[in-house]
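With chain D's structure known, arrange chain W on it following the hints.
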Amino acid sequence: MEATAKSHFTGKEEHAPATPSFAFWRPTAKTGLMSWLTTVDHKKIGFLYGSFALFFFLVGGCEALLIRLQLIVPNNTLLTAPQYNTMFTMHGTTMIFLAVMPLGAAFFNFIMPLQIGARDVAFPRLNAFSLWTFVAGAIILNVGWFLPDGPPDASWVGYAPLTSKLYNPTHATDFWILGLQLLGVASIAAALNFIVTIINLRAPGMTMMRLPVFTWMTLITSFLIILSFPAITIALVEVMFDRQFGTNFFEVSNGGMPILWQHLFWIFGHPEVYILILPAMGIVSEILPTFARKPLFGYPIVVFSGASIGFLGFTVWSHHMFTTGMGTVATAAFSLATMTIAVPTGVKIFNWIGTLWGGHLKMRTPMMFALGFIWMFMIGGFSGVMHSAAPADAQQQDSYFVVAHFHYVLIGGSIFALLGGIHYWFPLMFGRRVSEFWGKLSFWVIFIGFNVTFFPMHFLGLNGMPRRTFTYDGNMGWNVGNMIATIGALILGTGIAIYFVVVIYTYLKGEKAGRDTWDARTLEWSVPTNPPPEYNFAVIPTVHARDAFWYEKHHQSEIEQEKAAHHQAEAAHGGIHMPFQSIYPLVASTGALIGAFGAIYHNLIVALIGGSLLFIGIYLWSLEGAEGYHIHPDEEGHDATPAPKH
Amino acid sequence: MRLTSLLTTLARRGRILLALGGLALLTGCNLDFWTMKGHQSTIAVDGPVAKSQLNVFLVTCWVTLVIFIIVGSVLAYATYKFRARSEADEQAVPPEQGHGNPLIELGLIGASVLALVIIAVPTLKSITYTADVPAEEKANAYEVNAYGYQWWFKFEYPAEQIAGSGQLVSANELVIPAGRPVHINLRGMDVIHSFWVPKLAGKVDMIPNRGNFLWLKADAPGYFWGQCAEYCGDSHAVMRFRVIALGPKDFNNWLNAQTAPAREVAKVASTDQPKAQFAAYRSDWKRNEAGWSPQFELNPLESWKAHQEPDAKHEDTALIAKGRALFQSKTCFSCHVVRGHMVGGSGAYPELTHVGARTTIAGGLLENNAEQLARWISHPDVVKPGNKMYVNGYLANNIKLTPDDVSALVAYLSSLK
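Protein chains in written order, with my numbering: chain D, 1 to 646; chain W, 647 to 1063.
If we strip away everything but chain W, and leave its shape as in the complex, we get:
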């Protein structure tokens, strides 16, 4: 058959083409993929727990690679050496009908066991090390509680008590002291979630009715990406969070700011003009369109710091006041706590007292800026399929927001530094 022979030739040449194509792919493409230095890399890590886990991985990797090369070479050699080379070869007298060699078997079993011991020793060491804060560092450890909800994270700081309203509570961005071990108590509040900041530590599940914990330490101040790692329903893929590690001074400043009640906007000087910004929100967002800006990526920690400072010069006090009234009249306050501004809300929903000082909204999904806030408030169902704010809030209470309402709410929420 001509077609067959043509395809045979193609198949022979194709191998070379394919190899070349593969090489081009290897070298030509974005190196990020091969170097694995992404925001959630488990290879380029920044803490001792993740480092210990990485080292175990590298041991397993090298041991298995060596075995693979040895066994693979033997397999390749045997396939090449003993293949039938011609029709006559195939018809030849069958080879010796040997049934095996127990000594070879025993030797190979012994070698396998030895290879496993090489892996087992660091594994056991690392299991002990990563389990809990080492005894000598216990005194220095900082404790936080993390809770998983569909589809956001709540963080509590039991060490920071606020008179009259209990411990400090925050959402979706965990701020920790750099260089200190942090002991995080984990709990799932509805279904099972998993707390994973790959650069700092492997994941531990947040399970309802089960007190789990993990510990981690950031070697230096930094901004880290985390994500839920256990399938938890519709919006599992967009249940994200951040961990920000700060030096002692920054951390204390942050605690002071956070423990204060929600910020009251002062009257602006008449010379300062409010930004005419709210008219120009985009409204043509595609369903899963990314909600972050490249500028933010350049130096995430600096971006985070910039978020802490109120943009007092450009605040529109009237609009903010309107937003605050809407927050109440649209019943937002009945779920979300804004400590000091109004009484209401509960711990089962994201606390918004200092939401303006966070870099992200919607469970770590969108960058916290006016445009994304407007997008989120206008169409929470599109940004986060199935989310409770839409189903139990907007739908259940028939809440409708006009573009003006959205602008006012955005102004108010942004002012909550």
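Isolated chain D (complex conformation):
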């Protein structure tokens, strides 16, 4: 237990690695601000991703509450029209790009390497670069709050030509464009990193069909990111060129085609939806078997359906455009393609129920969130099937029915699973566990608040209330629904507040959790201490079965012999190799941040300074080399010797 307190991850570890022999200065701080700024440890980076994501989740939540308060009664004057438009633009953009995606990335970072028996991701410094570039993008997206131009207000889909200089003359839209560009860079770099990690760094015996489902979903999501983000990158470059250099991609008076933006945006935007939900499905596929105490039902089919959802996700983008007059053939084709997605999605739900069937269900907080996920995701999925029928969608598109639908899949789906995932992996990450009572209480308040908020929106939408409207008249039959929804939003907000207070309290003072708190099945729980030591595994495990850790627990003597042999072999090779920390990812990201400001304000000098800094950062980063040092933990995970040099 000594090692718990000294874990690197909590920033309390004392030993320092040897100074690098190279000419470059390498930061060695293991505590304090510098250790966080220069870290290349996937767990620290995951923790930072998660912290930023939860911060922005709260920001986006406050924006949502303002939106709901404005609509609590007809003809309300809490917000002005531009303020309201800003709120829903920033709410959508924040929740998607700054909350749910990075929260997924936090789990990818923290959990995935542990699940495959790796000691870090394949490119630790690239990982740090992803993190800091994400922060740079988040700063640019939100900087408008503090500047006279104000934050973006062209909605999260930014349909051309509303984003053109003519209709949006201030820099608000430039913040949005450049912010998303940087976030795209961050996401693509991170996704490539995860793909290489999963393909190359699996422990011996961890074949692809033994990968935990969460890791599979990480892999699929990462492929979706690298295939879909280029589309929005191109679209954003085009709109940026239109605004900054007077090109005519979307400029109607010179023959530009606004509809082009929609195609490019949604060919990114629909896979993006699965980028948000597949990690959640992965988390649920981990939680359910653990608490049902039996393996996932139909593992290959769950994996395959995840892959087909990802693949089909690229064939249905135009179902967001059923009302743009595509013609009967295209409409029918996209309608049918969209319906087919219901099959692999349904398969997943069947398999989750199959996992529960015949199990011994332990109703812990993560399990509550996972079950809540299945119910809410089912409702969201069914309203999704309703949208797939193009004629029905002609009435529902851009109405509150759609708002209800995507909140059921994004809150009831993604957020429920992510919140459950935090509870599930909390003991692993921090060595403490959330109190069952408070965890369940927060679940129920969130669950009730969520349904009270969003269920009435189905009715509002069918009764003809369009979305993105800052006001409505009292004679439309929408008053009661909006009132209920706003009350629900306040309940939901209370639930989220309870959740956060409980999590922060637990982080500081919660009950200590032992190793393998939940009697779990996958490798991340086999690490020697909670939180995991810097090097994750004293001995790289050998995987013999799909639920690798479960197998270990039930074949202890065999595994122990094996581990001893591996430990000797590893020691003979000079101990565990750890990468040096580096400041250059942060330098490069800072360059990107400064350069983006230069681009936004059309200031060549600032842009050049930023660009140079980015270049210098990357150049020195490659010059300093992928050096590292060695540590020698004993078999229980205690570090035996301070490491000598490389």
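Because the hints were derived from the structure by calculation, they are not lab data.
Where is the CB? At the ideal position from N, CA and C, for every residue including glycine.
It cannot be assumed that every hint is accurate.
[Stated by the list, open to error] Heads up, simulated EDC-like pairs for lysine to aspartate or glutamate below, C-alpha to C-alpha not over 20 Å straight-line:
#1 W:895 / W:789
#2 D:362 / W:736
#3 D:30 / D:627
#4 D:362 / W:733
#5 D:440 / W:736
#6 W:1063 / W:910
#7 W:932 / D:473
#8 D:553 / W:789
#9 D:553 / D:516
[To be verified] Footprint (simulated), chain D over chain W, 3 or more residues, beta carbon under 8 Å:
#10 681-695
#11 708-720
#12 732-739
#13 742-751
#14 754-768
#15 873-886
[To be verified] Calculated from the model, a selection of chain D residues having no Cβ within reach of chain W, i.e. all distances over 10 Å:
#16 161
#17 312
#18 389
Using the frame of chain D, we list chain W on its own:
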């Protein structure tokens, strides 16, 4: 912990309380919300296109509801049946470590595909039906053009040519013949808008540089609410319009009235007194305050008809003449067309030749009466944030209106029946 146990008890009792509260909410509240019979209902529809779309929705709704009930029951049963009931139960020997059953999987996939076919067939039928006017009705179809501007709608009637000034043009209220299919060409003139009259048809976007269209038919004469359904900037929420469907005779009368030039106010008989109305305009409007009266709602179509008739007995000819002069001197005419009264204006701004005969102003937002007209003319920026009349008109040309000016303009515009 006492607090914890107290809260646990509360949570248990709370469920019952909550259920009761929910029930009260369901039954006690205004039924409008649950029955969904509002002005923009997609459920209580009045035309074959909207009906076809509704039928597809109902098919999807029933199919998914049945699946939801089946899957939900199994899920609920499994959760209940297999939950650990005690500490001992949780510590028990793990259940059989089964990995699944391919036959069950295949069966369920097959069933899902079948359910989707049930949805797909009516979907495809409806896609074809709602796409364009059916061939057998083509000859009977009436054609109009609709244009979306920030933040109002323009309607053109290419079938109605007016000597010397081209086709009939109107704004924000589309009048169509009831019982006849109407083919509407849609175009966005600045950003993307969307044409949506939920009771008659689902929306189709009005996109710049792209010729879209939709068709719809009103089963019977009626007054329908519509609204822009694609976010189009500051005042998107208040970009509304109406569709009025009329029987053949009424429709012809309306066309005759509209194709005529703007009305000249005759001298009133000395026995008729002008209403002393313009002194009493409210000026304390709140920013988003509703601009409609409950009386109007009682029978919107009748209200519309009442708007067609000039209130000749109570018109103040002197005031109207003053308003007409102001319309010119304050440069209103340089944007707004008033056909027959003055030369000027352009098609990019709402045509006002017969504005008095419309039931709404400010893009379908306010009821067309003297009070709301005064509100609109006095503070267009407050009623419609960011609107072009204020920015490019009032501000750019430094136009100031005194209350007397407003009264005169209101009198003039109201007289344009």
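Verification of the supplied hints:
Between residue 895 (chain W) and residue 789 (chain W) the CA atoms are separated by roughly 18 Å; this keeps the pair inside 20 Å, and the hint holds. Between residue 362 (chain D) and residue 736 (chain W) the CA atoms are separated by roughly 6 Å; this keeps the pair inside 20 Å, and the hint holds. With a C-alpha separation of about 17 Å, the suggested pair residue 30 (chain D) and residue 627 (chain D) falls inside the 20 Å cut-off, and the hint holds. Restraint check for residue 362 (chain D) and residue 733 (chain W): satisfied, since their Cα atoms lie roughly 9 Å apart, inside the 20 Å limit.
For a cut-off of 20 Å, the pair hint linking residue 440 (chain D) to residue 736 (chain W) stands: about 18 Å separates their Cα positions. Annotation: proposed proximity of residue 1063 (chain W) to residue 910 (chain W) holds, straight-line Cα distance about 10 Å (limit 20 Å). Distance hint between residue 932 (chain W) and residue 473 (chain D) is fulfilled; the C-alpha atoms sit about 13 Å from each other, no more than 20 Å. At most 20 Å may separate the alpha-carbon atoms for a hinted pair to count; residue 553 (chain D) and residue 789 (chain W) exceed this at roughly 76 Å.
About 10 Å separates the Cα atoms of residue 553 (chain D) and residue 516 (chain D), which keeps this hinted pair within 20 Å; it holds. Only residues whose beta carbon comes within less than 8 Å of a beta carbon in chain D count, and the stretch 681-695 of chain W has 8; three or more means the coverage holds. Residues of the stretch 708-720 of chain W with a Cβ under 8 Å from some Cβ of chain D number 8, which satisfies the need for three, so the listed coverage holds. Figure legend: the stretch 732-739 of chain W, annotated as covered by chain D; annotation consistent (3 residues with Cβ-Cβ distances under 8 Å, at least 3 required).
Here's how the stretch 742-751 of chain W fares: 9 of its residues keep a CB closer than 8 Å to some CB of chain D, so the rule of at least three is met and the hint holds. Judged by the Cβ-Cβ criterion of 8 Å, the stretch 754-768 of chain W is covered by chain D as claimed, because 8 of its residues qualify and three suffice. Counting residues of the stretch 873-886 of chain W whose CB lies closer than 8 Å to any CB of chain D gives 12, which reaches the minimum of 3, so the coverage claim holds. Distance to chain W contradicts residue 161 (chain D) as a non-interface residue, since its nearest Cβ pair spans about 5 Å, not more than 10 Å.
For residue 312 (chain D), the requirement that its beta carbon stay farther than 10 Å from each beta carbon of chain W is met, with the minimum near 13 Å. Here residue 389 (chain D) does not stay apart from chain W, with its beta-carbon only about 4 Å from theirs, under the 10 Å limit.
In this structure, the hints that do not hold are numbers 8, 16 and 18, in rising order.
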